[in-house]
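Engineer: The primary structure of each chain is shown beneath.
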Amino acid sequence: MLEELKKLDLREVKKDLIRGYNECLGRGLSETAKWLSELRISLSSIQVNPSEVEAEPAVPAEEIDFYDLARTLLELREYDRCAHFISSSEHPKLVFLRNWAQFLASEKRHIDNMTEASASSQHSPCLQELRDLLSSLNLLINGTGSILGSKSSAQSRDGYLLYLHGIVLKKLKVRQQAVESLVKAINISPLNWGAWLELSQLVTDRCMLSNLKLPNHWIKYFFIGHMYLELQMNEEALEIYMFLKESGFEKCSYLNAQIALAYHNKRDVEIAVEMFRKLLDYDPYRLENMDTYSNLLYVKEMRAELAHLAHSVSEVDKYRAETCVVIGNFYSLRNEHSKAVQSFQRALRLKPNFLSAWTLMGHEFMELKNINAAMKSYRQAIEVNWLDYRAWYGLGQTYEILKMPQFSQYHYKKAQALRPNDSRMLIALGEANEKVEKFKDAMKCYYKARNVGDIERTALLKLAKLHDTMGHKDNAAELYLEYAAESQRMLSIEGNGGMAGGSDRVELARAYKYLANHFLIQGDIEQACMYCNKCLEFEETKEEGKALLRSIAEKRQKEETANMLIDMPVTEESTPADGQTVSIHSAVPVRLQMSGLSSLESPNVSVQSNVATPGPADVTNRSDMSLTDSDDTPMVLSP
Amino acid sequence: MSDSKYEKMKTPADFEDSISKELIQSYRNIVRSYYEKHLYKSAAFWADKIMCITNDPHDIYWNAQCLYHLKEFQRAANIITSRNLHKTIPQCQYVASKSLFEAKEYHDSLTILDSLEFDYTLAGKSILSDTTKTENTGMECVELHSAILLLKAQVLQANGNRVRASECYREALLTDIRCHEAFDSLVRLQMLTSVEEQELMDRLESQMSSQCSAEEANMLRLLYRGQLKKYDKPRKVPDASPDQSIDHNSTADVRYLESNDSRFQLSKSLDCKAWHSERLYYNCDYHRCLEVTNEILKLDPYHLGCLPVHIGCLVQFNKANDLFQLAHRLVKLYPEEAISWYAVGCYYFVIGKSDPARRYLSKATMIDQLFGPAWLAYGHSFASENEHDQAMAAYFRASQLMKGCHLPLLYVGLESGLTNNTELADKFFTQAREIAPCDPYVLHEMGVTSFLDDDFQNAKKCFESALAQIQESDSRRLEENWEPLFNNLAHVYRKLGKLPEALQLHQQALSLQPLNGSTYAAIGLVQMLMGRLLEAVESFHEALGLKPEDSFSTTMLGYAMDALTIDPVDGAGQPFEGEPAELPASLRCSHQMGSPSEPLMIPQQPTEDLSELSIEYEMQDASSP
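Listed in order, the protein sequences are those of chains S and Z. Read in the UniProt record's numbering, the first sequence has 319 at position 319, and its numbers run on one by one without any break. Read in the UniProt record's numbering, the second sequence has 172 at position 172, and its numbers run on one by one without any break.
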């Protein structure tokens, strides 16, 4: 990987860019040529004399006619004709063109033949074509015709042919050899960005990345940046991209889009949206990465913006995969899920390897409760890119719905490994672990989730519940206390808290109930009483609160009659407000239990409302105290 | 024809007197000349007239010849037999018998052949002297003798007496070493095993020294050897120019190499190329084979010798469209040839319509009872629909017709194996092996039956020797088609507990034939047995991605997942990356479940499933011309 970021010699870079552009264009690799020239316009201020750029050896005169014809046919997508006319040529450039055309032809046929139920059957003709192409490439590259042979020939030193070899191997999932071929290809012709991109899809983790033998070339910075982004190492990616930006590529659309992606991954939604806006201002007709932009707008629920984006991209090019994804997101935000699915399907028909469409389609199918289809989509997404944590997470969810906890746990674990510091993954993993009764692991997950910044604020509660089910009552109580305190704080921040999260309120009520019960069992009647009163604040636990209070009163009375002396300090310790309520309740004689509930209702409520005002601050103080006292385990945990 | 001759014919009354010997002789010449111009009607008319006049056996013979060509076989035979000439003159015997053979009167034909045992050593005595040719050499006698033997063989064969027929063919060939038809019949109809072929070649060798010059002997040797057995074991077929293929096992003819030019010219003969293509086909090098057959058919669009191989290639590549065109052209041109209907049947086979396929294939077999490829394809059409019994019947028929070919026996064995009758299968495989001891297909299938019988040691031996045969041939294309062998050997290794070797072989198979679901499933199983659960899960997922309905992978994936959650093997128990070393003391709880040996408890049943899958796959692969 990178040791340090060395200053770029922009003049050399520009020369390289021109050379690479010529090489790629001459081979019909238009995508790569586009990328290279995108970079070049950032360096337009640097003048390079064409003679300074070293040119490739030209195609010999006797073959130039065929070469030109082949190039034109390739551009016009008449692949088979292209391959036919240069079928016997030996020149490396023509050999590459021929095989490239054959590859594209088989890909085109594959896409054309693709139907809904194309579960890539084993004897499909496209697969056979690919296998045949692989055999002939093996023959060209290794001489012996076997994958394992290593006889070097003139063709084996042609970086572009190796690149194609790598692509075909990758298509056939012979990953190890694909990586080898691509690395070789990159070392021979580093300017072929396509090869780097293909390689990036084969790198599964950081360790593998650092073990790749890559040339020390300026283009490597772009690759490493790309890789960091894929591996969710967003900070590191940003660092590289910022460096590149400062070195002279500040206008490059690609770079800016990548930076926006990094912010998107970091969940810095605002900055990411801003970046995309700027990018659109500068390069309004660029459709790449617009799918991500639409995701951002979707997450922010910026309907108008999303609608505008959908309209403008469909004006640019209606039949581009990115456009279809934007439109799909637009429909999804409008809750028209089946239309969204159609859009995503169209995107995939246009570009079968379009990752985000697969994942998003999975989400849509989940919305439509079509679990099987969702699962298929997610699986495809993983096929396309092993590193897509959303797809792994989605699969985990589908299995959860299908009540297959082992599978769900496995997939959540994958998702979590890909995105180690996302609390959502951790919580999901924890839940799954609970389901397969690995409580210890579940607990670890929740603790970690809490430490990495619990986005949905559920870790604590889950942890508390888990401790409770496992019988660690004290731990559970501590955690509930903390949760209660936190919720109170949140409620006070959000004002009256009436609107904020109905489920939160329910959970809070349950927490109070638990605490009340807990302290009652512990014999800490003061505390128990206080939480009982808290319970009365909530509709859901009102009845239980009352019942508890009653039993508390009963208990207290018993204690009072049995041992007057012991009761004394308790009343002393309690705060005045608490004391009041307690005294009121203790004053309520036992007979009240016998009497009708209706008679009891009104006074209690009034009491409760009295207490409520001083309550919160006090309670938070107390619970904070208690947490720090109990040698605060969760804090120790941070890895 | 002059008017004066007509004038003379007008007076039939005094025929004998008025017609001079010269005139008769000139009419004989006229008959010959019409005959050579294929104007048989005129020839027959005049021959009949001359016959009436002279009643000379010679003239009768010629009349019979003309009638034969007019396809009036019964008349031709009758002319001779009514005069009992077939008992005295060999040529007449031949024509009469041949005519009856053509008229499908095999019994009568054979009676005529048996009626006279002519002694050919007394050259030229009782043989009709040819009036146009001055010489009547021993050469002609030999040819005639050979022709009569050949005819006898054909009659016997038509009668179904294949053993004697084959003997007669051999005799015919040894009598006249240039009688290629006899040789071709022996080879094409697969009458001899490779051992017998070798024996025949040895006998031919001794005949050559007496019958022809050294130079000629070399040429004959070259041509015959090129045509010999192609199906017993894969051999290295040199690419480049086809001329090399001819002498691939004749090392002795160094002298002949000197006249390299003419030899090269010889190898450009389409027959030689067709033999070459057949070899390539057997080596599974279908691409090159198709190239060669295409080349042949470009020069000679209806080269019958190469068509079966060409059709086989088209079937192999599923080229339904090309097959359709070819079949149409053939049926239009040769509606009476078996090969045409064979092509039609193959077309329907390729597009998966078994009923018409069977109909046309059986038509092909009706036309030519001895057309082996049609019988085999007929069997395939049943086999592909799991109609084992009918397939077996068809293959069995083929095995009776193609005594020297092991393929039908192999298929019968395969089908019996598929009906779980391994004992019977083994019997057939053993027979097949007797015919072709080194054939990797046979070795492979024997391995499979041993595997099914749980005789893993033997299975290993069979698979390994098959592998050795293949690797000897050193052809990448071949290896690709042998991917099932790699997998099956890996299954055996797994059963024998050699897990790393098994894994390696599976992976080799995968690199030969990428994206194969059952290979992934097998890899998953091995990984599971090795305790590499995480990898196993990934493999099973991969397998299910390729074969979504595969119950084996589904079951195994379930087991793997269970094992993963229960048992912390190789880091699988880690809840997530970067987990804390341990829980805080107050929260710790003891939590132990399962023992490490648990994931090894894998049911044995599914593995059978797996091996069967690859057999089925292999079966589809092994279609032959």
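The set of hints was computed from the structure by calculation and includes no laboratory data. Glycine is no exception: its CB is placed at the ideal position from the N, C-alpha and C atoms. Just so you know, not all the hints are guaranteed correct.
Far from chain S, by Cβ distances over 12 Å, these chain Z residues were calculated [to be verified]:
#, residue
1, R32
2, K104
3, R164
4, S213
5, R221
6, K268
7, H287
8, T422
9, E542
Straight-line alpha carbon distances no greater than 30 Å define the calculated BS3-like cross-link-like pairs of lysine-lysine that follow [unchecked claim]:
#, chain 1, residue 1, chain 2, residue 2
10, S, K6, S, K251
11, S, K173, Z, K87
12, Z, K87, Z, K104
13, Z, K495, S, K108
14, Z, K319, S, K173
15, S, K108, Z, K353
16, S, K351, Z, K87
17, Z, K460, S, K173
18, S, K15, S, K184
19, Z, K104, S, K173
20, Z, K353, S, K170
Derived DEER-like restraints, expressed as beta-carbon distance ranges [unchecked claim]:
#, chain 1, residue 1, chain 2, residue 2, range
21, S, K213, Z, G352, 27 to 37 Å
22, Z, M201, S, Q176, 48 to 58 Å
23, Z, S551, S, K213, 37 to 47 Å
24, Z, S551, S, G523, 16 to 26 Å
25, Z, G352, S, R334, 20 to 30 Å
26, S, P50, Z, E472, 34 to 44 Å
27, Z, G352, S, R175, 52 to 62 Å
28, Z, S551, S, V299, 51 to 61 Å
29, S, D132, Z, L270, 52 to 62 Å
30, Z, N318, S, D317, 51 to 61 Å
31, S, S210, Z, E472, 39 to 49 Å
32, Z, K498, S, Q128, 26 to 36 Å
33, Z, H287, S, S30, 26 to 36 Å
Engineer: Please flag the earlier hints that this structure goes against, numbers listed from lowest up.
Structural biologist: 7, 9, 11, 13, 16, 19, 20, 21, 24, 25, 26, 27, 28, 29, 30
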